[in-house]
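J.: Sequence:
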Amino acid sequence: MLVRALFSSNAVNNSPALIYKDVNLIGYLNNTTGAYLNRENELTQGVSSTKLYTQMNIPSGTTINWFASNDGGATWEPMSIQTTREIDQEWTEYTLTRTFSDPNGNKVRYKAEMTGNNLVYPRIHTLGATLS
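Position in the sequence shown counted from 1, then plus 11, gives you the numbering used here.
The reader is advised that the hints may include incorrect statements.
Only pairs whose alpha carbons sit at most 25 Å apart, straight line, appear in this in silico DMTMM-like list of lysine to aspartate or glutamate [as the list claims (entries may be wrong)]:
#, residue 1, residue 2
1, 62, 113
2, 62, 104
3, 62, 101
4, 62, 51
Restraint ranges, calculated between C-beta atoms of paired labels, are given here [unchecked claim]:
#, residue 1, residue 2, range
5, 141, 85, 17 to 27 Å
6, 59, 99, 33 to 43 Å
7, 128, 83, 28 to 38 Å
8, 46, 94, 35 to 45 Å
Please keep in mind that the hints were generated in silico from the structure rather than gathered at the bench. In this text, all values refer to a predicted model and were calculated from it rather than measured experimentally. The beta carbon of each residue, even a glycine, is placed where N, CA and C say it ideally should be.
Based on the provided sequences and hints, a complete structural model is requested.
T.: So this is what it looks like as structure tokens:
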């Protein structure tokens, strides 16, 4: 059985997939890999770097790899974990950074590639970012 959901929002710069609690892309009897892409945010000037703040649950045997783009998703550059902070037994806050190879791009997007198995999967709870 395949279930498909389409989220939409009238709010500017608001991703409806993040409004409803966690982003769960994979789980029992589903594909073991998936990706989350946020909507494009176009700015009036170039973005040379970004810092991403996210609360995630990444059980042993699962992964979440983050990528950032400042050209609307034409190229993806891997993000590096700068710090981690345990929120509670379930959630850990991660701070990730990226300095873009081309500081002139002004169309920012983020991508999370998630991998799990049929018994356990990673989850994203919150997401926020700063640009410079």
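J.: Now tell me if each hint is right for this structure.
T.: Tested hints:
1. 62 x 113: holds, 16 Å
2. 62 x 104: holds, 13 Å
3. 62 x 101: holds, 23 Å
4. 62 x 51: Satisfied, since the Cα-Cα distance of roughly 16 Å is no more than 25 Å.
5. 141 x 85: 17 to 27 Å: For residue 85 against residue 141, whose Cβ atoms are near 22 Å apart, the range 17 to 27 Å holds.
6. 59 x 99: 33 to 43 Å: holds, 34 Å
7. 128 x 83: 28 to 38 Å: Given range 28 to 38 Å: holds, Cβ gap about 33 Å.
8. 46 x 94: 35 to 45 Å: Given about 24 Å between the Cβ atoms, the range is violated.
When held up to the earlier numbered hints, the structure conflicts with hint 8 and nothing else.
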